[in-house]
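There are 2 protein chains.
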Amino acid sequence: MLGLMQNQPLLISSLIDFAEKHHGDAEVVSRRVEGDIHRYTWRDVAGRARQVANALDGLKVGFSDRVATLAWNGYRHLELYFGVSGSGRVLHTINPRLHPDQVAWIANHAEDQVVCFDMTFLPIIQAVHARCETVKHWVALCDADKLPEGSGIPNLVSYEAWIGAQPNTCTWPSFDENSASSMCYTSGTTGNPKAALYSHRSTLLHAYAAALPDVMCLSARDAVLPVVPMFHVNAWGIPYSAALTGAKLVFPGPAMDGKSIYELIEAEKVSYAAGVPTVWQMLLNHMKPGNLRFSTLKRTVIGGSACPPAMITAFNDEYGVEVLHAWGMTEMSPLGTLCTLKNKHLAMSEADKMKIRLKQGRAIFGVDMKIVGDDGHELPWDGKAYGDLMVKGPWIVREYFKGEGGNPLVDGWFPTGDVATIDADGYMQITDRSKDVIKSGGEWISSIEIENIAMAHPAVAMAACIGMRHPKWDERPIVAVVKRPGAEVTREELLQFFEGKTAKWQIPDDVVFVDAIPLGATGKMLKTRLRELLKDYKLPGL
Amino acid sequence: MLGLMQNQPLLISSLIDFAEKHHGDAEVVSRRVEGDIHRYTWRDVAGRARQVANALDGLKVGFSDRVATLAWNGYRHLELYFGVSGSGRVLHTINPRLHPDQVAWIANHAEDQVVCFDMTFLPIIQAVHARCETVKHWVALCDADKLPEGSGIPNLVSYEAWIGAQPNTCTWPSFDENSASSMCYTSGTTGNPKAALYSHRSTLLHAYAAALPDVMCLSARDAVLPVVPMFHVNAWGIPYSAALTGAKLVFPGPAMDGKSIYELIEAEKVSYAAGVPTVWQMLLNHMKPGNLRFSTLKRTVIGGSACPPAMITAFNDEYGVEVLHAWGMTEMSPLGTLCTLKNKHLAMSEADKMKIRLKQGRAIFGVDMKIVGDDGHELPWDGKAYGDLMVKGPWIVREYFKGEGGNPLVDGWFPTGDVATIDADGYMQITDRSKDVIKSGGEWISSIEIENIAMAHPAVAMAACIGMRHPKWDERPIVAVVKRPGAEVTREELLQFFEGKTAKWQIPDDVVFVDAIPLGATGKMLKTRLRELLKDYKLPGL
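Line by line, the protein sequences give chains A and B. At position 138 of the first sequence the residue is numbered 329 (the numbering used here), and the sequence of numbers has no breaks. At position 161 of the second sequence the residue is numbered 352 (the numbering used here), and the sequence of numbers has no breaks.
Please keep in mind that the hints were generated in silico from the structure rather than gathered at the bench. Honestly, I wouldn't trust all of these hints.
Since the list gives no way to pick out one identical chain from another, each pair is judged satisfied if it fits inside one copy or across any two copies.
[As the list claims (entries may be wrong)] Below, in silico cross-link-like pairs of lysine-lysine (DSS-like), each with a Cα-Cα straight-line distance of 30 angstroms or less: (1) Lys-729 with Lys-674; (2) Lys-663 with Lys-479; (3) Lys-535 with Lys-251; (4) Lys-212 with Lys-546; (5) Lys-212 with Lys-544; (6) Lys-561 with Lys-460; (7) Lys-626 with Lys-489; (8) Lys-583 with Lys-251; (9) Lys-546 with Lys-626.
If you're wondering where the values come from, they're calculated on a predicted model, not measured in any experiment.
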């Protein structure tokens with residue numbers, strides 16, 4: 192027997208309808224590519240999203256056809272989020288930090304019909320447009336009078352002229368909530384990029400979950416700064432959850448340096464910000480010399496890669512900002528765990544709380560997880576046993592677009608590629624990526640643990656630990672270090688620094704000072720690239 | 192094109208699985224019918240819910256068959272919530288405050304197969320069991336040795352003996368998320384009771400929404416006391432949202448008096464409580480004489496009927512507890528609106544904030560609302576125009592069980608029977624029930640507004656305003672008043688008190704002092720009954 196509740200599909204269009212109707216005058220503020228600040232309201236977003244829908248109708252872009260973006264976090268990108276998906280097309284956010292060859296490959300694989308791009312990325316479009324076989328329309332996200340002449344891109348139109356010609360009214364179509372809404376390619380380290388294809392249902396369930404008090408805790412009293420990019424896993428779903436809650440949105444545009452982020456936080460009274468550790472490190476580096484303070488920021492969620500303990504301490508102790516560790520993946524929409532404390536932790540000492548905060552957190556309702564050993568059997572939740580982390584849930588992929596890579600699931604579970612422990616309270620801690628774990632003498636050494644220790648040294652700005660071939664031990668760890676400007680530390684001092692902080696056999700064999708650690712398109716350390724750079728390196732004594 | 196996310200139905204069983212796995216040691220504390228305090232954990236709830244599922248299998252109770260409860264808020268009731276629905280049966284919560292004839296009618300209409308009841312309600316069961324044609328099994332919610340002898344109820348078993356014989360393991364079945372999960376009859380004022388039939392999908396979406404920061408704001412750091420009964424619209428969904436968030440649950444059992452509630456709040460460190468105004472009034476009445484204080488309570492959500500401004504002021508100003516007005520209906524699972532402030536309100540004076548807090552609040556994402564005039568056309572959101580309030584959304588009924596009462600929807604919208612205004616910020620305020628509005632000389636007078644003014648008088652404990660037939664004006668308001676113990680006020684003083692607080696023609700024509708206002712099964716004032724009691728009353732001067 193079925194229940195007798197109203198049949199209403201979960202659709203992205205209902206988010207923007209809600210934001211317009213209930214939070215019409217809440218602000219959306221963007222630093223533009225042009226450098227200035229743009230401000231308007233959720234009501235404006237809704238009207239212009241409908242103009243986008245009408246403009247796509249005008250181009251005869253069909254249901255489920257892909258509309259791509261190469262764009263920073265900003266208001267026009269937000270309009271495309273709702274206008275493209277709301278009208279039944281699929282929003283394909285392309286990571287502009289990818290190599291142009293990859294951009295072209297992805298656009299062809301996705302069969303993009305329309306590509307909308309920020310002017311920053313004109314050179315990429317110029318490099319790839321002739322190779323994008325399915326793209327019929329190129330839209331520059333700029334005013335009509337800013338459209339470049341002689342760009343060489345056929346039929347290039349400005350976004351403002353394109354949508355400006357359209358009425359701002361339409362009725363959003365209703366359709367199956369399992370319809371595809373958006374897609375994002377993972378920058379896989381092996382093989383071709385593979386795309387997660389999100390649905391309206393998965394997006395809305397994720398939007399509810401992401402706003403919960405134990406997740407991002409978003410309300411109509413928040414001003415939210417997503418530094419995490421909208422071109423990568425939907426900025427952690429913040430654009431959707433902000434519409435669901437009526438929060439103010441603040442977009443950094445291309446200016447992700449510490450000074451710009453700090454100024455935006457202060458000027459727009461940001462209460463909540465989300466980003467990857469590298470961006471927050473730049474922010475802290477900017478604030479420290481001038482002894483700057485936050486006047487409104489209360490919470491920051493840090494994810495994308497494990498956050499160095501020193502950074503959590505700095506935010507908490509020096510700036511009074513609660514740092515929440517988050518963990519997720521492109522394949523997970525992206526949120527899986529958030530590290531919020533439980534009631535029983537509140538009376539703990541700060542030191543004990545910190546031990547919990549260093550973990551990636553506990554599962555959000557909707558995400559189920561387990562760790563398994565080499566033979567696939569489930570391991571205990573004791574905070575010690577570590578194994579491959581597997582997840583399942585309604586916002587986790589069951590397969591990739593066009594079946595790329597075959598069936599990724601193992602007995603219905605998605606293998607994350609992370610190695611983790613889970614404690615009795617359900618707090619998961621990633622000990623390493625499966626591929627980054629250093630296997631020394633039959634034991635595993637976590638590269639992340641080594642990096643965290645190095646990062647705690649005051650002279651170290653960034654550290655990356657990788658394994659080097661060793662004839663006896665199979666692999667031995669070394670750590671590549673970027674020194675802070677003006678700071679000095681020797682190889683011997685740093686190796687000494689490890690003493691007592693980890694088991695003796697886990698201490699790296701060597702320290703290599705480098706000018707920079709190669710970063711990937713999403714700001715994560717590219718260890719494959721680092722290994723290439725150090726291909727002629729020899730371990731001491733060999 | 193469909194998205195490629197995992198297919199996973201939204202099922203109530205996933206809530207209890209989650210609570211067990213991630214919050215296994217979080218407490219569930221109950222004051223029992225026996226008077227003592229029972230405490231255990233979410234892990235225990237899960238194990239015993241599975242015993243319930245196995246026990247129902249043992250009785251060959253089929254998929255979608257109805258299992259009824261007549262029970263207070265307590266741990267066994269909670270186990271039935273998850274065990275009955277999780278295993279695919281339909282939980283039918285019966286309001287024990289209904290007349291036994293109604294209980295029998297409802298049990299027959301629902302075709303209940305099993306009835307589980309607290310010992311408090313043994314007399315009701317004794318009165319009705321012979322008339323309940325479909326019930327095959329009667330379960331007394333007590334220990335085996337407490338089972339009454341000679342009850343006259345055939346095959347009566349104790350809950351503990353019944354589930355105690357079962358293993359605490361089972362695999363929850365998977366099925367269509369639109370399957371019926373639970374049902375609740377409305378105590379309609381006209382015609383037969385009608386049942387809302389909830390689904391697993393509607394229950395889970397409501398559980399996500401109810402936990403949001405702008406709704407009940409539930410997290411793993413909360414201890415929640417639902418004074419709102421589990422026998423009526425699922426205690427506002429708190430049992431489900433608590434499992435979703437891992438909150439501690441505290442159940443008052445039958446002891447809803449001010450002293451018992453106060454002691455439970457203090458002893459169990461309750462941070463959040465939900466109830467109807469009449470219960471909170473008893474709590475405040477208990478606290479005032481002894482100058483008692485709350486040490487952990489931070490928020491309380493008040494709903495069920497409009498909350499007198501004096502009560503909001505008392506909680507806020509005297510006790511430092513944030514009062515959130517809520518509004519919902521049995522037909523809405525039940526939550527529709529919550530009165531949380533927006534960012535732009537935070538800088539307001541307390542007096543201005545209070546003007547907002549007096550409203551029923553703004554719609555939760557998932558609920559769409561509008562107000563319409565007599566001719567069905569939509570009215571503006573200006574805070575002034577008032578009309579019939581209509582709602583729609585995935586946790587709102589589309590029809591009643593067995594089609595009772597025909598199609599309740601008007602163009603897809605459910606008419607709530609409330610008359611309301613909605614302001615430009617989306618804050619809805621109920622001005623009256625459609626049936627309670629007093630129509631005087633072609634104008635409408637809100638009975639609630641009159642009651643609120645009367646309740647603000649220090650000598651008034653409770654007030655009910657009803658319309659009396661008048662030859663010239665059609666209807667004129669009078670107010671029935673219960674005085675506070677020991678307080679004195681005359682008819683003339685009270686009528687004087689209205690001067691300047693409302694339009695002159697809206698001031699009641701008379702004050703009638705009564706010993707008590709009749710209350711319905713859910714604690715709301717029963718104006719129909721009050722009208723009967725005053726059937727010989729004559730307006731002054733007539």
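So, going through the hints one by one against the coordinates:
1. Lys-729 with Lys-674: within (22 angstroms within a copy, 91 angstroms between copies)
2. Lys-663 with Lys-479: neither (45 angstroms within a copy, 78 angstroms between copies)
3. Lys-535 with Lys-251: Intra 57 angstroms, inter 41 angstroms, cutoff 30 angstroms: neither.
4. Lys-212 with Lys-546: This pair counts as between: shortest inter-copy Cα distance 21 angstroms, intra-copy 43 angstroms.
5. Lys-212 with Lys-544: between (41 angstroms within a copy, 21 angstroms between copies)
6. Lys-561 with Lys-460: neither (39 angstroms within a copy, 33 angstroms between copies)
7. Lys-626 with Lys-489: neither (35 angstroms within a copy, 47 angstroms between copies)
8. Lys-583 with Lys-251: neither (37 angstroms within a copy, 32 angstroms between copies)
9. Lys-546 with Lys-626: within (25 angstroms within a copy, 59 angstroms between copies)
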